[in-house]
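Novice: Chain by chain, the residues:
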Amino acid sequence: MLLELENVTIPTLDQKCTIVNNVSFGIKEGSIHAIIGPNGSGKSTLAYAIMGLSNYKPSQGRIIFNNLEITGMSITERAKSGITLAWQEPARIEGLSVRKYISLGIKDKENIERRVRETLEIVNLPPDKYINRFIDDTLSGGERKRIELAAVVAMRPKLIILDEPDSGLDVIIVEDFLTIFNKIKELDMTILLITHREDIGMVADYGTLMWYGDALMTDEFPKVMLKYCKKAGLKEFCKRALFKNGERCFSEDYIDKIFEEGDL
Amino acid sequence: MSNIKDYPEEILQSLEDYKIDIKDFLPGHGKGAKLLLNFNKISGIEQVEGIILKGREIPNGIVADVIIKEGTTHKEPIHLCFGVNKQSGIQEIFPRIIAEDNTNVKIQAHCSFPNADGLIHKMFGHFYIGKNCNFIYNETHYHGEKSGALVAPVGYMYVGENSIFENNFNLTKGTPGKVKILIDIYAMKNSVIRSNIRAFGKNKNDSIRIRDSVFLEGEHASSVIKMKAAAKDGGEVLMYGVTEGNAPHCNGHVECSEIVLGQGSICRARPFIRAIDPTSSVSHEASLGRFPQKWLDELMAKGLSEEQATDILIEAMLQEETKL
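Keeping their order, the protein sequence lines are chains A and B.
Numbering of the first sequence is given in this note's numbering, commencing with residue 1 and proceeding in unit increments.
Numbering of the second sequence is given in this note's numbering, commencing with residue 1001 and proceeding in unit increments.
What the hints contain is simulated information worked out from the structure, not anything from laboratory work.
Think about it this way: if two alpha-carbon atoms lie no more than 25 Å apart in a straight line, the pair counts; the simulated DSS-like pairs of lysine-lysine are: (1) A:K230 with A:K257; (2) B:K1146 with B:K1178; (3) B:K1086 with B:K1122; (4) A:K244 with A:K28; (5) B:K1226 with B:K1294; (6) A:K100 with B:K1294; (7) B:K1106 with B:K1226; (8) A:K183 with A:K158; (9) B:K1069 with B:K1054; (10) A:K235 with A:K257; (11) A:K244 with A:K227; (12) A:K28 with A:K223; (13) B:K1106 with B:K1075; (14) A:K158 with B:K1294; (15) B:K1173 with B:K1122; (16) B:K1146 with B:K1204; (17) A:K57 with A:K28; (18) A:K80 with B:K1294; (19) B:K1294 with A:K16; (20) A:K100 with B:K1226; (21) B:K1131 with B:K1069; (22) B:K1180 with B:K1204; (23) A:K57 with B:K1294; (24) A:K109 with B:K1173; (25) B:K1294 with A:K107; (26) B:K1041 with B:K1031; (27) A:K100 with B:K1173; (28) A:K185 with A:K107; (29) B:K1106 with B:K1173; (30) B:K1075 with A:K129.
Chain B side only, calculated, beta carbon under 7 Å to chain A, not exhaustive: (31) W1295; (32) E1298; (33) K1302; (34) M1317.
Examples of chain A residues toward chain B, derived with CB under 10 Å: (35) Y48; (36) M51; (37) S54; (38) N55; (39) I75; (40) A79.
All C-beta atoms, glycine included, are put in the ideal place defined by N, C-alpha and C.
So here's chain A without its partners, still in its complex pose (with noise of 0.2 Å):
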């Protein structure tokens, strides 16, 4: 496992209650794991846990990265040690071109330029039109998390965590994103993604279900997609939605033995 929670509990900031409780999962190298579940179940709150936000501090557990442990590492030594994360709605940092921005988490200070462009590239940008402009209000929700993906990417880490990625963005752009995070993927990383929606998870190959705080079950995600359905009773939508590749998961019967008989 390139990734690891044991038995990792977040308080709230008050200490009073807890936003996940006692989870634990593993993420493999060069897969994308989908994080699904309602809003307000501890999808993002688990994901600034990972990179190590300071008001998302773990009260117990341990996290493991590239089988070193990582819980009490600041933001900057857990980048370093390859993990990094886009946010869902990134910050405009007037002033700083896309090419600084982008640039930033480059090691290989010689081939900066080229890997700027290469990787627009990689998250449709062309780069001759966006390398020169700046992080401000002229650039839309979807240009700003595609410079904000670029970024990220740049960098070359072991894990990239999305959270949301699909926040704000419409169908057409959804759909661009599913083929840049397969792009990512062949670059030999692996991908982190924290969604609610069914059809950007369709793109992983595992996920996990927070419900409420708890981690219901980690498995191969169509899996997890149809216990979620399950318990939020939705078998309509499964049976209508749960198609990978073009091809239906489950059959309909299946849908039905498994809303009935309380399985999985």
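Add chain B to chain A, keeping to what the hints say.
Specialist: Below, chain B alone, put in the same frame as chain A:
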């Protein structure tokens, strides 16, 4: 007039920190008009069609005229380099800049004092901008890395009807020293004023006080003043942004953002707005403090330390808006 070969390379080198091409300032290079001052001696003047540059040496500096003839449009900026290579001394400059009607030009002024340690630089300038002009004035300062300089420029700018005036003042590299700047801009009917001030006080030697004032004197005149500053490790910055709406339907805004870092640093912002016409509209906003934690986290997640992330954010905040 001395030979341009004698012009101190060190003064010109400091321009590179502001991403300005040194060659553009040298007579015989580039296409723009230029005036070079080496301490109190004029090192070179180059004129182009439609632009008259004149300078006269006085005991502690020069009196200079820049006249842009009616209808003149130039893409290449007019370069003014007021350099001093000595540690100390007094340099006084009295420029008079006149842009006649229907002109479209940029001026790039650079005040470079790379070895300053007790140097005094004073300026008393007047700008007269005619009707229907598009005028950009960029001024960058570099006061070396020792204790900086004592710098006290005063500028009065009169902007005519239907003209656009953009003022960009940058004091973000090196150690500024003691700086006191006063800018008064008078905006006539339908004129548009954009004034961007950026300053960075890096240590206890640095005390920067800037008053940037716009007086909206003509109907439908409008203005935006943006003042951005950072004070670090004992540096002190006061930004005083003033806008008065003195005419019908005029519209002005003042914005001050300052970041304070390290022990003993002080940032102060004092936006002052006044309206005497009921149809005018003037607003302000000011913020002081540190960068949002989320911004720092975003940069640290790319492998930067908190200090490196802060430096990047300061650099971004103080980025020059106008590129030549």
